[in-house]
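J.: Using the sequences and the accompanying hints, generate a full structural model.
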Amino acid sequence: MKEIVVLLLLVSKVALAEPVYITQKNIAYYADTTGDAYRASQCRLDLYYPKGVKNFATVLWFHGGGITGGSKEIPKALTEKGFAVIGVGYRLSPNVKAPAYIEDAAAAIAWAFQHIEQYGGSNRLMFVSGHSAGGYLGMMVTLDKKYLQKYNIDANRIAALIPFSGQAITHFTIRQERGIQDTQPVIDEYAPLYHVRLDAPPMLLITGDRELELLGRYEENAYLARMMKYVGHKQTHLFELQGFDHVGMAEPAFPLLVRLIQGRTKEITEKK
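Take the sequence shown: its position 8, counting from 1, is numbered 849 in the numbering used here, and each next residue is one higher.
One or more hints might be untrue.
Claimed, not checked - Restraint ranges, calculated between C-beta atoms of paired labels, are given here:
1) THR1110 with SER912: 27 to 37 Å
2) LYS1112 with HIS1078: 14 to 24 Å
3) THR1024 with GLU859: 28 to 38 Å
4) ALA918 with VAL894: 14 to 24 Å
5) LYS1107 with ILE863: 21 to 31 Å
6) LYS892 with ARG1051: 20 to 30 Å
7) GLU1111 with LEU1056: 38 to 48 Å
8) GLY1073 with PRO860: 12 to 22 Å
9) THR1110 with ASN936: 37 to 47 Å
10) ALA869 with ASN964: 14 to 24 Å
11) ILE1028 with GLN1083: 21 to 31 Å
12) GLY910 with LYS987: 20 to 30 Å
13) LYS1107 with ILE1021: 37 to 47 Å
Said to hold, decoys possible - Below are the DSS-like pairs computed for lysine-lysine, each with C-alpha atoms no more than 30 Å apart in a straight line:
14) LYS1112 with LYS991
15) LYS987 with LYS866
16) LYS1112 with LYS895
17) LYS895 with LYS1070
18) LYS938 with LYS895
19) LYS1070 with LYS986
20) LYS895 with LYS986
21) LYS1070 with LYS991
22) LYS1112 with LYS1075
23) LYS866 with LYS938
24) LYS986 with LYS866
25) LYS987 with LYS938
26) LYS917 with LYS895
The hints are simulated quantities; they were obtained by calculation from the structure and are not laboratory data. It should be emphasised that the depicted structure is a prediction, and the values quoted were computed from it without experimental measurement. All C-beta atoms in this analysis are idealised placements derived from N, C-alpha and C, irrespective of residue type, glycine included.
T.: This is the structure:
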């Protein structure tokens, strides 16, 4: 009987030590939501965070859907890991055209930098991730510094960029907006590859199997990784998840994201 009581006390202590997670939904990340009903409805985020925890990390998660579909989400694989998750909604094509949705991604990231401390988080531990179109948006805002400069935020403050099967050339939806086929590669100002730079935050590029991915998605990321290394960026890494297609690669990619967040968080906090 005594052993049972002791065991129950130990279980209770462990349970009490676990943080309680709160979700706040549909937070507008633009300060002014008047005059544009579509922007007001789409440009909202869900914030999932550990209550009562100080200086936690935050990952901004941008959903996929080709910039034409999808909606904000908090991936189950990222919950109860000790950090916050922000699921971001953004405007979609053909309702808007480039660069509107990239600007939305920047506004959401800026909101996180400006507000996460109110919830107990650290704006030194801001991670940017997303799948497919979401990965592309994160890549654009992180590599092309002008989008966050609008908010007086240096994109280099992002702790790490971790796109899941993001497009490194100009996104196919942007090419379609211009009447260009998705088999015609384009690298211009709307291509992450166009903005290769030495001083970018650490990058973990993750794709599915090159033979199962969309078009040349692995090769695009491999080229980006090569060019980042060529300019001297020493913290770019590329993972090809063999045997997994464009959609299926997300499941095995999540543990890599979690591990990077935990490792990078430790690295940054120990520099204090």
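J.: It remains to establish, for every hint, whether it holds in the given structure.
T.: Against the structure, the hints come out as follows:
1. THR1110 with SER912: 27 to 37 Å: holds (33 Å)
2. LYS1112 with HIS1078: 14 to 24 Å: Roughly 20 Å apart at Cβ, these two residues keep to the hinted range, so it holds.
3. THR1024 with GLU859: 28 to 38 Å: For GLU859 against THR1024, whose Cβ atoms are near 50 Å apart, the range 28 to 38 Å is violated.
4. ALA918 with VAL894: 14 to 24 Å: Taking Cβ atoms as reference, ALA918 and VAL894 lie about 20 Å apart, which means the hint holds.
5. LYS1107 with ILE863: 21 to 31 Å: holds (24 Å)
6. LYS892 with ARG1051: 20 to 30 Å: Violated - the Cβ-Cβ distance for LYS892 and ARG1051, about 42 Å, lies outside 20 to 30 Å.
7. GLU1111 with LEU1056: 38 to 48 Å: About 41 Å separates the Cβ atoms of GLU1111 and LEU1056, which means 38 to 48 Å holds.
8. GLY1073 with PRO860: 12 to 22 Å: Given range 12 to 22 Å: violated, Cβ gap about 40 Å.
9. THR1110 with ASN936: 37 to 47 Å: Once the Cβ atoms are compared, 41 Å apart, the range 37 to 47 Å for ASN936 and THR1110 holds.
10. ALA869 with ASN964: 14 to 24 Å: holds (19 Å)
11. ILE1028 with GLN1083: 21 to 31 Å: Given a distance of about 27 Å, which is inside 21 to 31 Å, the answer is holds.
12. GLY910 with LYS987: 20 to 30 Å: Hint holds: Cβ distance 27 Å, inside 20 to 30 Å.
13. LYS1107 with ILE1021: 37 to 47 Å: holds (44 Å)
14. LYS1112 with LYS991: holds (28 Å)
15. LYS987 with LYS866: Distance of about 28 Å is within 30 Å: holds.
16. LYS1112 with LYS895: Since the Cα atoms of LYS1112 and LYS895 sit roughly 17 Å apart, the hinted pair holds (cutoff 30 Å).
17. LYS895 with LYS1070: violated (35 Å)
18. LYS938 with LYS895: violated (39 Å)
19. LYS1070 with LYS986: holds (19 Å)
20. LYS895 with LYS986: holds (29 Å)
21. LYS1070 with LYS991: OK: LYS1070 and LYS991 at ~28 Å, within 30 Å.
22. LYS1112 with LYS1075: Roughly 19 Å between the alpha carbons, so the hint for LYS1112 and LYS1075 holds.
23. LYS866 with LYS938: holds (26 Å)
24. LYS986 with LYS866: holds (28 Å)
25. LYS987 with LYS938: holds (18 Å)
26. LYS917 with LYS895: holds (22 Å)
Of the numbered hints given earlier, the model fails hints 3, 6, 8, 17, 18; all others are met.
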